[in-house]
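Asks: Below are the chains, spelled out letter by letter.
Number of protein chains: 2
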Amino acid sequence: MAGKKGVEQAAQAGEDGRFAYEGLDRVIHERARLGVLTALVTNRRGLTWNELKVMCSLTDGNLSRHLGILEADGLVVQEKGESGNRPQTVVKVTAEGRKRYLGYLKTLEQVVKDAAAEATGRKLGFARG
Amino acid sequence: MAGKKGVEQAAQAGEDGRFAYEGLDRVIHERARLGVLTALVTNRRGLTWNELKVMCSLTDGNLSRHLGILEADGLVVQEKGESGNRPQTVVKVTAEGRKRYLGYLKTLEQVVKDAAAEATGRKLGFARG
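Chains as they are written, first to last, in numbering that gives the first Met the number 0: chain A, 0 to 128; chain B, 0 to 128.
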């Protein structure tokens with residue numbers, strides 16, 4: 000069957016890793032962390048702990064855990080300060096965090112583009128039939 | 000500090016869960032499964048096991064594990080057949096899988112849109128300053 004063979008060959012020849020999406024950095028891709036980073040990237044001056052918690056619908060425990068992972072990778076910083084007489088932590092994305100986020104975003108846009116092709120009926124990966 | 004208070008109030012009042020992205024279904028969001036589903040959604044007639052493996056850069060073990068998770072949730076089916084005299088498995092997305100994928104995609108597009116707002120300098124979530 001020439002059609003079938005063509006399919007296999009196309010997959011082998013030109014489409015290796017077409018849907019691997021290796022740019023989807025696992026540190027960023029996790030849902031809660033993606034929300035936290037998107038909130039921070041779009042609010043350059045930083046967000047307080049409480050703002051982040053509310054905007055991302057996270058518990059203190061989850062926010063703490065995910066910020067720890069992002070901080071360990073150098074993507075965010077937590078600045079301890081005061082507001083009035085109360086301690087207040089402001090979280091900011093770092094330059095490195097912004098850079099990695101924007102790299103991640105490129106792949107994410109590719110996924111959306113690939114998926115949108117489906118809506119128009121265009122086939123990706125190889126030509127069948 | 001009126002500005003600060005305004006910020007906290009805005010976060011409390013209108014922006015709860017603004018960045019929670021609850022539509023990012025964890026079954027679909029995992030990177031390998033997102034690749035597999037995108038490949039299948041864009042290739043309606045299905046893909047053979049080998050095609051999927053190559054296109055998604057997965058090992059047999061990983062592909063098997065992720066297909067198991069997708070199948071358990073009713074998002075894909077594996078049809079055992081033959082090609083020539085060799086057994087061949089063709090994997091297809093189900094109607095339910097397509098529906099859930101498209102729902103997921105809407106949230107993904109929202110993330111991209113939110114993040115793109117950053118490039119134009121527009122602030123999201125609340126007005127500061």
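The set of hints was computed from the structure by calculation and includes no laboratory data.
Predicted model, so just to flag it, every value in this text is computed and none were measured.
Don't take every hint at face value.
[To be verified] Computed, partial: chain A to chain B, Cβ under 8 Å:
#, residue
1, G16
2, T37
3, W48
4, V53
5, G80
6, E81
7, A116
[Stated by the list, open to error] Non-contacting residues of chain B with respect to chain A, defined by C-beta distances greater than 12 Å in every case (computed):
#, residue
8, G67
9, V76
10, K79
11, T93
The beta carbon of each residue, even a glycine, is placed where N, CA and C say it ideally should be.
Asks: Compare the structure with each hint and give your call.
Replies: Structure-based check of all given hints:
1. Below 8 Å, beta-carbon pairs count as interface contacts, and G16/A has one with chain B at about 4 Å; its hint therefore holds.
2. Annotation: T37/A was flagged as interfacial toward chain B, and the flag holds, the nearest CB pair being 5 Å apart, inside 8 Å.
3. About 11 Å separates the beta-carbon of W48/A from the nearest beta-carbon of chain B, more than 8 Å, and the hint is not met.
4. Annotation: V53/A was flagged as interfacial toward chain B, and the flag holds, the nearest CB pair being 5 Å apart, inside 8 Å.
5. At about 12 Å, the closest approach between the beta carbon of G80/A and any beta carbon in chain B exceeds 8 Å, and the interface hint on this residue is violated.
6. Because the beta carbon of E81/A sits about 12 Å from the nearest beta carbon in chain B, more than 8 Å, this interface hint is broken.
7. Hint status for A116/A: holds, given a least beta-carbon distance of 6 Å to chain B, under 8 Å.
8. Annotated as non-interface, G67/B keeps its C-beta farther than 12 Å from every C-beta of chain A; the closest such distance is 18 Å.
9. Residue placement check: V76/B keeps its beta carbon more than 12 Å from all beta carbons of chain A (closest about 18 Å).
10. The claim that K79/B is not at the interface with chain A holds, since no C-beta of that chain comes within 12 Å of its own (minimum 16 Å).
11. Distance check on T93/B: its Cβ is at least 15 Å (rounded) from any Cβ of chain A, clearing the 12 Å threshold; non-interface status holds.
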